[in-house]
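Novice: Could you put together the complete structure from these sequences and hints?
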Amino acid sequence: MPEKTVTKLENSILEIEHRIEDLQSASLKDHIDRGAEIQSLKTTWEGMQRKLFSELAPYDIVKIARHPLRPLAADYVNFMIEDFVELHGDKRFGDDKAIICGLGKVGHEKVLIIGQQKGKSTKERIACNFGMPNPEGYRKALQKMKLAEKFHLPVVTLIDTPGANPDIGAEERGQAHAIAENIYEMSQLKTPIINIVIGEGGSGGALGIGIGDKFAILEYAYYSVISPEGCAAILWKNGENAPEAAKALQLTAKDLLRFGIADEIIQEPIGAAHKDPRATVCTLKSHIVKYLEELKTIPIDKLLERRYHRYRTIGKYEEE
Amino acid sequence: MVFFRKKKDMPNGLWVRCDGCKGLVYKKTVEEGMHVCPECNYHFRIFSRDRLKLLLDENSFEEMWANITPHDPLNFRDRVTYPERVSAEQQKTGLKEAIIVGKGKVCGREVMVGITDPAFIMGSMGSVVGEKIARLAEKATELKVPLIMVSGSGGGARMQEGVFSLMQMAKTSAAIARFRESGGLYISILTDPSLGGVMASFASQADITIAEPKALIGFAGPRVIQETIKRALPKGFQTAEFLLEHGFLDMIVPRQDMKKEISRLLNYLK
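For the protein sequence lines, the chains are A and B, in the order given. Just so you know, the first sequence maps onto residues 1 to 320 in the working numbering. Just so you know, the second sequence maps onto residues 321 to 590 in the working numbering.
Heads up, none of these hints are tricks.
Below are the BS3-like pairs computed for lysine-lysine, each with C-alpha atoms no more than 30 Å apart in a straight line:
| no. | chain 1 | residue 1 | chain 2 | residue 2 |
| --- | --- | --- | --- | --- |
| 1 | A | Lys302 | B | Lys464 |
| 2 | A | Lys247 | A | Lys51 |
| 3 | B | Lys412 | A | Lys237 |
| 4 | B | Lys412 | A | Lys316 |
| 5 | A | Lys316 | B | Lys464 |
| 6 | A | Lys105 | A | Lys296 |
Far from chain B, some chain A residues (derived; all Cβ distances over 10 Å):
| no. | residue |
| --- | --- |
| 7 | Leu9 |
| 8 | Glu17 |
| 9 | Leu28 |
| 10 | Lys51 |
| 11 | Ala74 |
| 12 | Glu82 |
| 13 | Gly102 |
| 14 | Lys150 |
| 15 | Cys282 |
| 16 | Asp301 |
These aren't lab readings, by the way, just hints derived from the structure by calculation. Model, not experiment: these values are computed from the prediction. Glycine is no exception: its CB is placed at the ideal position from the N, C-alpha and C atoms.
Specialist: So, in structure tokens, the structure goes:
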């Protein structure tokens, strides 16, 4: 969570939260109505949260995006998707737990959902490799996307990764090749694709499931060409400069909307997604339903033309 | 007391030290041998313009879109500003950007060709590199001629243009996909070093992928991997030979034979 810059305010917020809890449990015991007092504390709490969150530095947002209690892809799948049928395996090497794939319904719409999963408990986190997919994860996603294309199902991808796994095995199995192939194939997959950054949008690792027709980002998620720590280590020669790097990289949801790269920012509850995961899931779901409605009216040829144009026009340069 | 060796011990640029065998080799021999070490076959990094001469027929190259130059969309500043960095690199290399693209001929056969230059901000891809590759692929689609990309990039996607650079991976990939789906032949030549966002996009999407011997090729840079796994990397890791062994290359071709081999491929894949 936000450290130095906002710690004091955050501590006061926590104090108020405890106060409210104490009052609530006291009322349960002695049945005295403390509603008015609780309400007034809640109003103060909201005001302080709003102030805290309006003052966030980019690096604070990066930390919120990485918050251990932040809802993960599996939470969205559990609470948002009905009748979920998980599909494993890339049919080539293995089953990467850092990418979940499956068929399911969002509202009345049948979709293929793909999400990068970090894991909650230590055991889960290790199994999911902290959300850093291996080549087999990207290949699994592609395999399922081809299935969705064949049966005319839209694809929804939930992006949340610090980056693709940088280790020996991943290189041996062609990490770069796997991501490149996904970007290539997704650019012309004949079915609508919706990409949503729910937490960390870590570079090529995010882009490997990140090409589509609609690109939305949660309010306190980020999307970047490199991690602020990595950028600081290279350009400032010191990882300690990560807050400066985060600022320089302009990686927040607001930046992406301003650049025209994100179509929409999906608002989070007061205090960010982890303060009210269910509300966050509901908001996200209503957005996905809206996007699906919009995209299904577009003929596929036109959709692919639009998708090409979307990426073809990104870039800033001078031409003499 | 030992001081630094005086420059005159290495007579004014007559000799160069080979990064491969660490031996001193006669510069003229190296140059005449296409910048390959005569002792150990190490392929020196070379400028994109020199590489063009080695690959294309004499005087056949027509550069295209030479006047596209970088913009600074983020007003990026680390220890220096991005425009300062760009102009320093331009002065150092004589290039406007990390890529040259155009039309040329390989043994009489017309091709569209693009070469990234690792000397310019690590050969990294920002908006200019992305735009030029996309235009090149579109032109190749229109003219129905083969596309050859020579990659040399230690930097991948260029940090100083932030998410705009990341999106060039998507842009180049989409253009390459259209070209290949239209029936075009795309040959990717990987040179030392080819890493990161360049490898995770256009450089890995070819019909035929070729590398120069011993070139460093991968997704994550070796230093990043070493810091992650906290142990030494195996010998030969992420070399062209390593990639060939793991099935990600069609062939390794020494620089001296590159033009001939490309020409043979062009004859088969018409």
